[in-house]
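J.: Here is how the chains run, residue by residue.
2 protein chains.
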Amino acid sequence: MNQVFEFQSLINRIISEQNFRKQPERLYAPIEYVMSQDGKRLRPTLTLLACDLFDGNVNDSIFPALAVEIFHNFTLVHDDIMDKAPIRRGLDTVYKKWNSDIAILSGDTMFAMAYQYAVKTNPSHIAAVLDVFSKTAIEVCEGQQLDMDFELRDDVTIDEYIRMITLKTAVLLGASLKIGGLIAGADEKAVNEIYQFGVNLGIAFQLQDDLLDAYGREETFGKKNGGDIVANKKTFLYLKAIEKANLQQQNKLTALFQSTSILAEEKISGVISVYDELNIQKETELAMADYYSKSFGHLSKAGGNHSKAEVLKQFAEGLYRRNK
Amino acid sequence: MNQVFEFQSLINRIISEQNFRKQPERLYAPIEYVMSQDGKRLRPTLTLLACDLFDGNVNDSIFPALAVEIFHNFTLVHDDIMDKAPIRRGLDTVYKKWNSDIAILSGDTMFAMAYQYAVKTNPSHIAAVLDVFSKTAIEVCEGQQLDMDFELRDDVTIDEYIRMITLKTAVLLGASLKIGGLIAGADEKAVNEIYQFGVNLGIAFQLQDDLLDAYGREETFGKKNGGDIVANKKTFLYLKAIEKANLQQQNKLTALFQSTSILAEEKISGVISVYDELNIQKETELAMADYYSKSFGHLSKAGGNHSKAEVLKQFAEGLYRRNK
Numbered sequence: 081m082n083q084v085f086e087f088q089s090l091i092n093r094i095i096s097e098q099n100f101r102k103q104p105e106r107l108y109a110p111i112e113y114v115m116s117q118d119g120k121r122l123r124p125t126l127t128l129l130a131c132d133l134f135d136g137n138v139n140d141s142i143f144p145a146l147a148v149e150i151f152h153n154f155t156l157v158h159d160d161i162m163d164k165a166p167i168r169r170g171l172d173t174v175y176k177k178w179n180s181d182i183a184i185l186s187g188d189t190m191f192a193m194a195y196q197y198a199v200k201t202n203p204s205h206i207a208a209v210l211d212v213f214s215k216t217a218i219e220v221c222e223g224q225q226l227d228m229d230f231e232l233r234d235d236v237t238i239d240e241y242i243r244m245i246t247l248k249t250a251v252l253l254g255a256s257l258k259i260g261g262l263i264a265g266a267d268e269k270a271v272n273e274i275y276q277f278g279v280n281l282g283i284a285f286q287l288q289d290d291l292l293d294a295y296g297r298e299e300t301f302g303k304k305n306g307g308d309i310v311a312n313k314k315t316f317l318y319l320k321a322i323e324k325a326n327l328q329q330q331n332k333l334t335a336l337f338q339s340t341s342i343l344a345e346e347k348i349s350g351v352i353s354v355y356d357e358l359n360i361q362k363e364t365e366l367a368m369a370d371y372y373s374k375s376f377g378h379l380s381k382a383g384g385n386h387s388k389a390e391v392l393k394q395f396a397e398g399l400y401r402r403n404k
Numbered sequence: 081m082n083q084v085f086e087f088q089s090l091i092n093r094i095i096s097e098q099n100f101r102k103q104p105e106r107l108y109a110p111i112e113y114v115m116s117q118d119g120k121r122l123r124p125t126l127t128l129l130a131c132d133l134f135d136g137n138v139n140d141s142i143f144p145a146l147a148v149e150i151f152h153n154f155t156l157v158h159d160d161i162m163d164k165a166p167i168r169r170g171l172d173t174v175y176k177k178w179n180s181d182i183a184i185l186s187g188d189t190m191f192a193m194a195y196q197y198a199v200k201t202n203p204s205h206i207a208a209v210l211d212v213f214s215k216t217a218i219e220v221c222e223g224q225q226l227d228m229d230f231e232l233r234d235d236v237t238i239d240e241y242i243r244m245i246t247l248k249t250a251v252l253l254g255a256s257l258k259i260g261g262l263i264a265g266a267d268e269k270a271v272n273e274i275y276q277f278g279v280n281l282g283i284a285f286q287l288q289d290d291l292l293d294a295y296g297r298e299e300t301f302g303k304k305n306g307g308d309i310v311a312n313k314k315t316f317l318y319l320k321a322i323e324k325a326n327l328q329q330q331n332k333l334t335a336l337f338q339s340t341s342i343l344a345e346e347k348i349s350g351v352i353s354v355y356d357e358l359n360i361q362k363e364t365e366l367a368m369a370d371y372y373s374k375s376f377g378h379l380s381k382a383g384g385n386h387s388k389a390e391v392l393k394q395f396a397e398g399l400y401r402r403n404k
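These protein sequence lines map, in sequence, to chains D and P.
Under the numbering used here, think of the first position of the first sequence as 81, with each following residue one higher.
Under the numbering used here, think of the first position of the second sequence as 81, with each following residue one higher.
Be careful, since some hints might not be right.
Copies of the same chain are indistinguishable here, so a pair counts whether it falls within one copy or spans any two.
[Unchecked claim] In silico lysine-lysine, BS3-like type, Cα no more than 25 Å apart, as pairs: (1) K313 <-> K347; (2) K388 <-> K374; (3) K215 <-> K102; (4) K269 <-> K362; (5) K320 <-> K102; (6) K362 <-> K388; (7) K314 <-> K393; (8) K381 <-> K314.
Calculated directly from the structure, the hints in this document are not laboratory data.
Starting from the given sequences, assemble the full structure and let the hints guide the process.
T.: Below, the structure written as structure tokens:
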């Protein structure tokens, strides 16, 4: 995993070298605030790993990798306004620390900045990189809209949920990898396989997030258990439970979700007891394992340098093990 | 002016041929709503006129022109949230008709769509077009931030105000023209002159907007007189008045702006009576004429086809005469 750490450090170094602190102060301070926060740098690391997998010049992919990271952070800044989320990574969100107008406008600026970085590569790859970048950006917006739409609906199916998280979360992982592959000059089949590797990995990653919210250990994961339950989020666990539940269990779940008077702790333990009756933890782990397995299938079909494919695989497995 | 009408119709036809109505419905309905509204199509028309000025293939500039129009409309969708503006072009704004979350997300989607259109041109020009496009997008955000910052300040100078409207409004007119010139393959000097033509035209255009708000005739311009005064906007007229006013006049203006109890009509007539004492209408017209004159100087230095430069000049003069 030394290669992964090396790429992560490279990205962190390049980010720290960028001048995000410009004028007007109130526009750029939030951008610097967000970009300087410690993060996993998962997406740009994937871009560099994919470029390296196909023996590309990793230097050509650094700024497009940064573009992906800035874009991702931009989506968080705007999502936090819509979700009224006060805290992210243990810190106040931009909308909370400043206000929503500033969060809108700083986000817009980050989006444009992301495009400035996306084109800083070998000119022969600019059109292809931008094609993936814009298409993905639109899909991420579609995913966020579906997520908001689902809050108003009681008949969301698991297929629809998978489609939503694919758009909202998974395609950006796919795009991060595809951009790296494109810059390395990999052929169409290879970049499409590496894209699918990322998309399936992303779906698994989100299912795991859903699972950790209900069953994860707070001390290792940092998030409080049951947040999704308190927020009435229709996660994979909830939808699977509704699907498998008998009438009595369905009524119990619905009542717990609709109740406004019940204590958060009671609501969480009530919902989890239904999940337990229905073996939802196991069901989710199975679905997750299925997407992980699909993703590895695409990775091996993508080809590229064997030992570097191994690095990517280990990196993905590391993500898979993050709850253990 | 037949050429201008022809280009405007071409843009309207191309816009009507685009499919903005996709799924999810709640994400795309606002985009179709905004894009199908009648507008002057000023910016994309400038792109086509500039491409034509330098004898470029106008077909190559149609989609980048559309990109500029979509970008402009995106900024309006987001600005209307920040400005809490309920009405635009006589219709409910997106944030009012739907809600601010939808306005944020539909706007973000439009921004990404704008980039998709911006790259639909001759591949050899993509990098240069995007360079102008992203730089301008960031400047427009900076201008909007300065505009919001100025609301909280009492010491804004006229120079700062000109800088703000340059960023918020004028650079996009410059960029619209520059993109057309770049696609036509005009040389660096020529595209920079056509850019400056647009920037100076844009400043004049905004000063005229300020003027029309106080002195325009409602029946011809459609907007209610005095909106800027009611909203305490520090326009060129206000800043010029503060600059020229004696102590008594300054106090009167400040008191009128700070008053929360006075009737709108009284506030407007009170402020305008100070403007009249100080000859502010004339002062603004002089400043406007100065920027128009500068813009025409840059236009003649830009070169290009003589008869087509004449079309652009007449188009600009048409904008100048819009209050008469």
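J.: Which holds for K362 with K388 at a C-alpha limit of 25 Å: within a copy, between copies, both or neither?
T.: neither (32 Å within a copy, 71 Å between copies)
J.: Could you place K381 and K314 in one of the four classes (within, between, both, neither) given a Cα distance threshold of 25 Å?
T.: Neither way: K381 and K314 sit 34 Å apart in one copy and 62 Å across, limit 25 Å.
J.: Between the shortest in-copy and the shortest cross-copy C-alpha distance, which are at most 25 Å for K313 and K347: within, between, both, or neither?
T.: For K313 and K347, only the intra-copy Cα distance (13 Å) is at most 25 Å; the inter-copy one is 50 Å.
J.: Between copies, within a copy, both or neither: which fits K215 and K102 at Cα up to 25 Å?
T.: between (29 Å within a copy, 14 Å between copies)
J.: Please sort K320 with K102 into within, between, both or neither, judging by C-alpha distance up to 25 Å.
T.: neither (48 Å within a copy, 29 Å between copies)
J.: At 25 Å max between alpha carbons, let me know whether K388 reaches K374 within a copy, between copies, both or neither.
T.: within (19 Å within a copy, 59 Å between copies)
J.: First find the shortest C-alpha distance between K314 and K393 inside one copy, then the shortest across copies, and answer within, between, both or neither for a cut-off of 25 Å.
T.: neither (30 Å within a copy, 59 Å between copies)
J.: If the cutoff is 25 Å on CA atoms, where do K269 and K362 land: within, between, both or neither? Let me know, please.
T.: neither (34 Å within a copy, 67 Å between copies)
Hint check: violations occur at hints 4, 5, 6, 7, 8; the rest are consistent with the structure.
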